[in-house]
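Could you put the whole structure together from the sequences, leaning on the hints where they help?
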Amino acid sequence: MTSTTSGPGAEPVLRTTSLAKHYTLRGRGRRRTVRAVDDLDLALVPGTVTAVVGESGSGKSTVAKMLVRLVRPSSGRITLDGRDAGRMNLRAYRKDVQMVFQDPFASLNSVHTIGYHLARPLLNFGRARRGADVAGKVRDLLQRVKLDPQFADKLPHELSGGQRQRAAIARALASEPRVLLADEPISMLDVSIRLGILNLLGELRDTDGLAILYVTHDIASARYFADRTVVMYAGKVVESGTALEVTDQPAHPYTQLLISAAPDPQRIEIVDVSRASSGAASAPTDGCRFRDRCPFAMDVCRQQPPDVAVTPSHTAACWLRVDESQRPASGREAA
Amino acid sequence: MTISAGSIPVTTRPRAGDPVLEVRGLSASYGLGPDAVRAVVDVDLTLRRGEILGIAGESGSGKSTLAYAITRLLRPPGVITAGEVVFRPADRPGGGMDLLSAGPAELRAIRWSEIAVVFQSAMHALNPVLTVERQLLDVLAAHRRSMSRQARQARVREMVEMVGISPSRLKSYPHELSGGMRQRVMIAMGLILEPQIVLMDEPTTALDVVTQRQILQQILELRERLGFSVVFITHDLSLLIEIADTIAIMYAGRLVERAPSAFLFHAPRHPYTRGLLASFPSLHGDREKLVGIPGSPVDLRHVPSGCAFRTRCPHEMPRCATDRPPLALPVGDPPSADREVACWLHDGRQPPPPSLARPAPAARPEYATAGTSTIRDTRAEQERS
Numbered sequence: 001m002t003s004t005t006s007g008p009g010a011e012p013v014l015r016t017t018s019l020a021k022h023y024t025l026r027g028r029g030r031r032r033t034v035r036a037v038d039d040l041d042l043a044l045v046p047g048t049v050t051a052v053v054g055e056s057g058s059g060k061s062t063v064a065k066m067l068v069r070l071v072r073p074s075s076g077r078i079t080l081d082g083r084d085a086g087r088m089n090l091r092a093y094r095k096d097v098q099m100v101f102q103d104p105f106a107s108l109n110s111v112h113t114i115g116y117h118l119a120r121p122l123l124n125f126g127r128a129r130r131g132a133d134v135a136g137k138v139r140d141l142l143q144r145v146k147l148d149p150q151f152a153d154k155l156p157h158e159l160s161g162g163q164r165q166r167a168a169i170a171r172a173l174a175s176e177p178r179v180l181l182a183d184e185p186i187s188m189l190d191v192s193i194r195l196g197i198l199n200l201l202g203e204l205r206d207t208d209g210l211a212i213l214y215v216t217h218d219i220a221s222a223r224y225f226a227d228r229t230v231v232m233y234a235g236k237v238v239e240s241g242t243a244l245e246v247t248d249q250p251a252h253p254y255t256q257l258l259i260s261a262a263p264d265p266q267r268i269e270i271v272d273v274s275r276a277s278s279g280a281a282s283a284p285t286d287g288c289r290f291r292d293r294c295p296f297a298m299d300v301c302r303q304q305p306p307d308v309a310v311t312p313s314h315t316a317a318c319w320l321r322v323d324e325s326q327r328p329a330s331g332r333e334a335a
Numbered sequence: 001m002t003i004s005a006g007s008i009p010v011t012t013r014p015r016a017g018d019p020v021l022e023v024r025g026l027s028a029s030y031g032l033g034p035d036a037v038r039a040v041v042d043v044d045l046t047l048r049r050g051e052i053l054g055i056a057g058e059s060g061s062g063k064s065t066l067a068y069a070i071t072r073l074l075r076p077p078g079v080i081t082a083g084e085v086v087f088r089p090a091d092r093p094g095g096g097m098d099l100l101s102a103g104p105a106e107l108r109a110i111r112w113s114e115i116a117v118v119f120q121s122a123m124h125a126l127n128p129v130l131t132v133e134r135q136l137l138d139v140l141a142a143h144r145r146s147m148s149r150q151a152r153q154a155r156v157r158e159m160v161e162m163v164g165i166s167p168s169r170l171k172s173y174p175h176e177l178s179g180g181m182r183q184r185v186m187i188a189m190g191l192i193l194e195p196q197i198v199l200m201d202e203p204t205t206a207l208d209v210v211t212q213r214q215i216l217q218q219i220l221e222l223r224e225r226l227g228f229s230v231v232f233i234t235h236d237l238s239l240l241i242e243i244a245d246t247i248a249i250m251y252a253g254r255l256v257e258r259a260p261s262a263f264l265f266h267a268p269r270h271p272y273t274r275g276l277l278a279s280f281p282s283l284h285g286d287r288e289k290l291v292g293i294p295g296s297p298v299d300l301r302h303v304p305s306g307c308a309f310r311t312r313c314p315h316e317m318p319r320c321a322t323d324r325p326p327l328a329l330p331v332g333d334p335p336s337a338d339r340e341v342a343c344w345l346h347d348g349r350q351p352p353p354p355s356l357a358r359p360a361p362a363a364r365p366e367y368a369t370a371g372t373s374t375i376r377d378t379r380a381e382q383e384r385s
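Chain order of the listed sequences is A and B.
The first sequence maps to residues 1 to 335 in the numbering used here.
The second sequence maps to residues 1 to 385 in the numbering used here.
Hints in this document: simulated from the structure, not taken from any laboratory.
Any given hint might turn out to be false.
[To be verified] Straight-line Cα separation of at most 25 Å, SDA-like style, residue types lysine to any residue; simulated pairs: (1) B/LYS171 / B/HIS143; (2) A/LYS154 / A/ALA132; (3) A/LYS146 / B/ARG287; (4) B/LYS171 / A/ALA132; (5) A/LYS146 / B/LYS171; (6) A/LYS146 / A/MET88.
Dropping the structure here:
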């Protein structure tokens, strides 16, 4: 294989090309297509965290579900080490790509012990043989997520939310994956233990060279934890760059809105977000999908903006970034 | 008595500082006897007129139970075991009434009309088979019997416009509205009878950040116009610091710290408050490794002896295991600081660690710049003088 090292600059392990998911709604004679994700190019690199940030309806969870193959893409490709994921045996694929879900109260089976939850994937993916081997590997997994080995005998209800999420991460690690997809892994947890979970995922990135996809609505946590941040709005990527570039010099009006609306005790002035009324659910499906909410909307925004490079590592899909002379003539000029 | 909201001049609003709700020694449990879970223990709080009082805590801290106990909405097995909740209406100066000893008729007169609650989950708090208009009209029909039908309808339209919903959406059923709009309907329902106090239990928790920000703006604007007081309950301390005048922090059913919000943010005195503040990654500055708070939030069935936070506290002393610290003015602070903390580090026997100490006077004027609210600024002035 290729000489995959880890960290930024290494060869991506999981890649998507023009990935899309459209849902058709039928009812009372009306047919409507919801373009949950469109035209997504994403590369997950070993040893890095890629955050996908967006509001509800942005398609961020659909991205994670397609990547773990719970949802079949409408078009586009997912490749794992250059191999077409759609043609791979599902078990072989999931050995390398595992997921941690949002709600640790729902993602563990309440009638089984934590040890059982960890032993199943160990056996299913051939990482342990039945017998004493399993108990030892279960202990190792618990240790990696900093849970005491005695947790193997406990039932989910005996654990706090943070401990459950650690158990869910241990389960995802059982197959020794190279990609971990984490869909809002901390949003259901108490504030004081959220950082513990993010720091744990950060350690796994550094020690195991995991490629982590971190799906979140919280752009401040992406700034803290991620190497790269991808901002999605209504199914489209509007901006991507290093986590610090995107939060500290946001180039797209939507990213700017997200940041100005986030709780921030150090903020001096109150920001007015009253203009940005409607949500992603009613966004237009052509051109720039954010234009209805955008304070800078122009006629040209009816056409799909190109991805413009702000810096070599930072792009934004916005006509404001395109020089006026380079913009296509719009059909109807503003008065 | 259809007073249009805009017609109340802001200047006649009673000055902030005058207490409208006083909670004294309030305790509430789930169950009785030795197995009872004590969810709220000995809580003292004062809500002033026009003030936003924030209550922050993690799951199991008792913050929601406190709201239910104050409004006497706690359902069995929840029981209020001690205390008093004195409501001081604006039109009855001097006279207060204890809600905990009030009879059903008295409570009925006060609930919603004077003290309204905006519940956490708008999806579940609205009736799915009635239109929004019908639900708002029902409130007026029950509480404003003398109002004419037309006056009620006018009031409903006025109210939804005030919270930023087009009256054309009045015929909608709750499922036809977005989460943000449902929450606005809940706020309209809470305010439609022009109460003096609004309790909000995680009113924006399930919403997107932009919607959350819009709703917070709306609450602040409406408070300016209508002059009500707010008890705002949330787990999101970073949000409270922006909108609340005073913040109380709860842990294991008790208040552990209370202070004007700018002071709480810039100089927390309780290790738990400090830990909570350090649990929110910042949108500015260098990326530093943050650690949050070690351990798990307390299980109310097994609360540690002495100070409940000691098992997660980096400053634990032998005394913390045996004696529970009282909520008191930190030794060395002037009474005008208007803050209380329940921690043995501040009893004067030892200097508190620098991170929890009272900042040097030279550093203090900076506090004032953090606040945007006038109440907060006035208080900062008082502190300096």
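Outcome of the hint check:
no.	hint	in the structure
1	B/LYS171 / B/HIS143	holds (22 Å)
2	A/LYS154 / A/ALA132	holds (19 Å)
3	A/LYS146 / B/ARG287	holds (24 Å)
4	B/LYS171 / A/ALA132	violated (65 Å)
5	A/LYS146 / B/LYS171	violated (53 Å)
6	A/LYS146 / A/MET88	violated (33 Å)
In summary, the structure is inconsistent with hints 4, 5 and 6 from the numbered list given earlier, while agreeing with the others.
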